[in-house]
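Chemist: Given two chains presented individually in distinct reference frames, assemble the corresponding complex, making use of the accompanying hints.
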Amino acid sequence: MNKTVNQKAWFFVIPVFVLVAFNAIIPLMTVVNYAFQETFGNNVFMWEGTRWFKQIMLSERFHASLGRQFLFTFIILFIQIPLGIAIALTMPKEGIGVPVCLVLMSMPLLIPWNVVGAMWNIFALPDIGFLGHSLNALGFDYNFTQQIGDAWFTTILMDVWHWTSLVVLLSYAGLRSIQPAYYQAAEIDGASRWAIFTKIELPKMKKVLTIAILLRFMDSFMIYTEPFVLTGGGPGNATAFLSIDLVKMALGQFDLGPAAAMSLIYFFIVLLVCWVFYTLMMRNEEKS
Amino acid sequence: MSLELKNVEKKIGLDTHIYSTNLKLEKNTINILLGPTLSGKTTLMQIMAGLDKPTSGEIWFNNENVTGMKVQKRNVSMVYQQFINYPNFTVYDNIASPLKITGVSSDETKQRVGKVAELLKLSGMLNKKPNELSGGQQQRTALARALVKDSDLILLDEPLANLDFKLREELREELPKLFENRDCIVVYATTEPSEALLLGGNTATLQEGKIIQYGKTLDTYNKPNSLVSAQVFSDPPMNIAKIKKLGDQCSFLQNDIQWKTKLNIKDGEYKVGIRPHNITTYKEGNNTLEIKGKVLISEISGSESLIHFTNGNLNWVSLSNGVFQKNVGDVMNLYMNTDEFIYFDQNERLVSNG
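In the order they appear, the protein sequences are chains S and W.
With our numbering applied, the first sequence corresponds to residues 1 to 288, in that order.
With our numbering applied, the second sequence corresponds to residues 1 to 354, in that order.
Derived from the structure by calculation, the hints contain no laboratory data.
Just so you know, not all the hints are guaranteed correct.
Unchecked claim - EDC-like cross-link-like pairs, simulated, lysine to aspartate or glutamate; straight-line CA separation at most 16 Å: (1) K70(W) with E187(S); (2) K121(W) with E170(W); (3) K266(W) with D345(W); (4) K73(W) with E187(S); (5) K24(W) with E64(W); (6) K53(W) with E187(S); (7) K245(W) with D267(W); (8) K216(W) with E26(W); (9) K100(W) with E187(S); (10) K11(W) with E208(W); (11) K24(W) with E58(W).
To be verified - Where chain S lies over chain W, by a calculated footprint (3+ residues, C-beta under 8 Å): (12) 67-76; (13) 85-91.
Unchecked claim - Cβ-to-Cβ under 7 Å is the rule here; a few derived chain S residues that face chain W: (14) Q179; (15) P180; (16) A181; (17) Y182; (18) Q184; (19) A185; (20) E187; (21) I188; (22) D189; (23) K199; (24) P203.
The structure displayed is predicted, hence computed values, not measured ones.
Backbone N, C-alpha and C fix where the C-beta goes; we use that ideal spot for every residue, glycine too.
If we strip away everything but chain W, and leave its shape as in the complex, we get (with noise of 0.2 Å):
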């Protein structure tokens, strides 16, 4: 089982919303569409389920071109941002509406949705309304009928960005396990690089409606193959300085900080990409490079805070373990972990991860 893009294109008008694309989904993996709003994670997903066609291009499905192909015959099941139920069902009905249609036995059914909604914890909620329901509840029976008929392809639209943070926290967990052990391709988009982090699998980056780059998530994460990549994968932003190399010494170009490198890459200028975690406000393993700097803000984001500051004519981001506040203008050393730097040349494409 495999879902191939191939050259596909989707243009509106004279807007193109996405770009050429080739991509291929294996079965069995949970593929992650990660991109800041407006990139074209929705456009690609109604591609994929054919909801939408595409302006050019050809969509195969298990060696069959399925370009065109009605969604009602492909197997396919959809949730979205906004909790979509059919609102005069109750949740047990909501959850067999798929199967009604497909003439599945009223045994089966019953069997097929106590076992989907034992799975999300909707048992006994099963002749509420889903306006009975808090925005979690409503979002699981949504899940509920997307998993209840074995689809091929399961599209997840964002599906937790409408829930408050506990209830996002709490789904967020429990959905790797949902779809464990399913012969199907889970496609999943997110504009959260945390969220790809913890579903694991596969990841594409997308940046205004082109894939930049298609990977396992672990690898798209440590080796960004462009500064754009690596922009679009990291939350809180990534720091962005240049850098000049002139043997084994590197140095920013807008202060006098120096580093000494192994990297046997060609002398000359680079831009580095330091993720915030990167830098801290205490000395700790190999965060040693001393940079000073002068406090915008500080902020303070779960049990990690956040502080930005000034160094140079730049503006940069570190967060750092532990819950504490720095004063607005302060100045105050804090370090970096050179071994994390990752290297792009002067068309922002990787030349070394650290």
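This is chain S alone, in the form it adopts within the complex (with noise of 0.2 Å):
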């Protein structure tokens, strides 16, 4: 059969590449321009080849944001994943219950994320705050602006009560698509509770449960908003997270050229972690 030729049909992609430019492309392109030069202003630029990119991967500070960002990322997920599937699996599966859960569990969602940093910044002041007075009152030493542990602490604290009901929604979307017959037949195996979660529950949430993570993932290592207002990335730099770090070097600093490599280092961090996750978990899926 012979394919018609129509070159017009590139008229129809050109408002999506115009727009894709004008908030991906120019964006991108404009931070890469800085990475690679130096300037001080009056829109005069030197090239500096890879210099920036050097000098930001041996630095001790990058490196010391970066592994505060990994360990923060990684307790979160450790935190909020198992957290949020056994909710899911404790949620009410008819009846009134079903849209009073769903509805309570969305609230935090909803949440601006600066007001969450101000709530809990005023929920956790240990002097008036609800959460800080009592740990007080109850005897323990509690100051979220004053101590590394406690401002970790509330920080975690914070992240898991905003976002661990998405976690809890997905992971229940998963549940609820599981089809009865499946319960009965394990049932009938007489397979015990554990082994139909693991073999059943599990394997059937799997793909829920790899968005979940990645969207958990990229959210939390790009985590700014909230930290910034409970913290500010303080006491010192304790909980300045990667992304404080460079709004830090960028804006406070003005240092804009190794800012700028800095931010593509990060975006390539993201980008490969994503990948690699999802490479891995697809996997065996391909297939079907």
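Modeler: Now the structure itself:
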């Protein structure tokens, strides 16, 4: 069969191309531009090659904030994924409880990020906040503005409060899509509750859990607003995660070149981790 | 070995899903539950298996009351309409799973799985995962899991419904062979009369949560005890017309077609059921009684042709061998076999089958 050649079809692609150019390509290219050059303002640029990249890659400050970032992301994934699945398993499957639970679960997700930060800041204040005051009254020496451990504890608790619901909702959707016949078949086989979880529920939830882990990884790896409002990266640099450190460098110190290079490295880390994770998880799914 | 339901009833809230049912299934039989969707086939099977408890009534197995006994303690296996296998187990592990839990030795497991896999033509794919298999192979795996342990009761809930036509035909022909020489009771739910006829054994016709008739499959087909049972066991749907009998003369109420009958029944009004294949577009054998019809729809199914036509105020369906099509609106002659008419009284109970 002869295919007719019609180059006019390209016109349909133009609107999308223009849109993507403005919201992604042009801003990204600006950053690339800064990453390879030095500027003193007045639109004067000098070529620096890969100098900023080398500087960032060798910088102890970058290593420290990257380390903090991975630690934070790892901890919250480690808490939120199992906790989310556990909550989803205990949620009702029918009746009035379903909409009630779903609405309650969605609440934290609807609150703007800076509000969450502000809320937890006030909530955790050691002198007047409910959490801070109660902990101190119970005999704990708690002060998230001055003690590193307390700052981490509060930041993690805040993130768990804010985002576990997302994992719960995704897991719940995954669980509900399992046909009742699977549970009956397992019952006939005499499988234990644990076997049902590991042999039926987990494999059946694999795809939604992959999505949940990816979303939570990306969001937590790029977290900015909440810790910025809660701790401002402190005490010292104890909770200065990558994005907080990046903004300090770009806007605080106005080191545009190194900050641009750091942005690109940051971007590639997120991309690489997501790609590796997704490829590994979906390796066996391709065939079906 | 026998399975007996005694006055079993199932209510959910105010809805009655199964009306009081008595049924006795004997060992080494295939029992077909035939009925349309929502007629209670699945509910009845789940009660038989012990997956669901009856609201009232008792279930007896081998002269032992097993009502409320957990399904794990009963030696039961079940195959579903959906292809239910453990998703991250290989075909081998899937088939072996019921044996592992009961602690059968690994040598014996290997041997039994091998035997069942061969029977179901799965030998070449024991190392694959279910999602690498076709729908037919997935359902074969589920069937193998049900057959590998020597269950006393095997329940199959529309196992072929989700397969495409060709795979369905293929597996359907193998099914009777699979249950041969097994010391068990097989219960098979289906919506399709042709499946019941192919499997033989016994058939129970169901309608709206009631068992209408239970008996040998051919008896149920040939001697429906009521119009409802005949309708459930007829595909395409049975033609039903009102008639009047006077002496040895019968006639339809809605037209002046007459025929002679040797039936020894009282004079009066009756309903006759006529299976579509007893109305043909050509004279053949005993198909001799002429009826004029105006074609509504003409369709071809396999190597047979269905003509939907009107006569009087009624819609009729005829099924003839051969592939042909008639123009909509054509008036044509069709021929009926009066020997095969099934007569029902005004209460829709069977009076005589031909």
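Chemist: Please go over all the hints and tell whether each is borne out by the structure.
Modeler: Hints and how they fare:
As the CA atoms of K70(W) and E187(S) are separated by approximately 9 Å, the hinted pair is consistent with the 16 Å bound. Simply put, K121(W) and E170(W) have alpha-carbon atoms about 12 Å apart, close enough for the 16 Å limit, and the pair holds. A hinted pair counts as satisfied when its Cα atoms are at most 16 Å apart, and K266(W) with D345(W) qualifies at roughly 10 Å. For the proposed pair K73(W) and E187(S), the alpha carbon gap of about 10 Å is at most 16 Å, so the pair holds.
With a CA separation close to 13 Å, the supplied pair K24(W) and E64(W) stays within the 16 Å bound. Of the pairs offered as hints, the one joining K53(W) and E187(S) holds, with about 14 Å between alpha carbons and a cut-off of 16 Å not exceeded. Distance hint between K245(W) and D267(W) is fulfilled; the C-alpha atoms sit about 5 Å from each other, no more than 16 Å. Distance check on the hinted pair: K216(W) and E26(W) sit about 12 Å apart at the alpha-carbon level, within 16 Å; holds.
A C-alpha spacing of about 14 Å is found between K100(W) and E187(S), which places the hinted pair at or below 16 Å, so the restraint holds. With a C-alpha separation of about 13 Å, the suggested pair K11(W) and E208(W) falls inside the 16 Å cut-off, and the hint holds. Restraint check: the Cα-Cα separation between K24(W) and E58(W) comes to about 12 Å, which is no more than 16 Å; the hinted pair holds. Under the rule that three or more residues need a Cβ within less than 8 Å of chain S, the assignment of the stretch 67-76 of chain W holds, with 3 such residues.
Counting residues of the stretch 85-91 of chain W whose C-beta sits closer than 8 Å to any C-beta of chain S gives 4, which meets the bar of three, so the coverage hint holds. Among the interface hints, the one on Q179(S) holds; its C-beta lies about 5 Å from the nearest C-beta in chain W, closer than the 7 Å criterion. Evaluation of the P180(S) hint against chain W yields a violated restraint, the C-beta minimum of about 10 Å exceeding 7 Å. Below 7 Å, beta-carbon pairs count as interface contacts, and A181(S) has one with chain W at about 4 Å; its hint therefore holds.
Given hint, Y182(S) at the interface with chain W, holds; its Cβ is 6 Å from that chain's nearest Cβ, closer than 7 Å. Interface restraint check for Q184(S): the shortest CB-CB distance to chain W comes to about 5 Å, inside 7 Å, so the restraint holds. About 5 Å separates the beta-carbon of A185(S) from the nearest beta-carbon of chain W, less than 7 Å, and the hint is met. About 5 Å separates the beta-carbon of E187(S) from the nearest beta-carbon of chain W, less than 7 Å, and the hint is met.
Look at I188(S): its Cβ gets to within about 5 Å of chain W, closer than 7 Å, so that hint holds up. The interface hint given for D189(S) is met, as the beta carbon of that residue sits about 5 Å from the closest beta carbon of chain W, less than 7 Å. Evaluation of the K199(S) hint against chain W yields a held restraint, the C-beta minimum of about 5 Å falling below 7 Å. Among the interface hints, the one on P203(S) holds; its C-beta lies about 4 Å from the nearest C-beta in chain W, closer than the 7 Å criterion.
Comparing the model with each earlier hint shows a violation of hint 15 alone; every other hint is respected.
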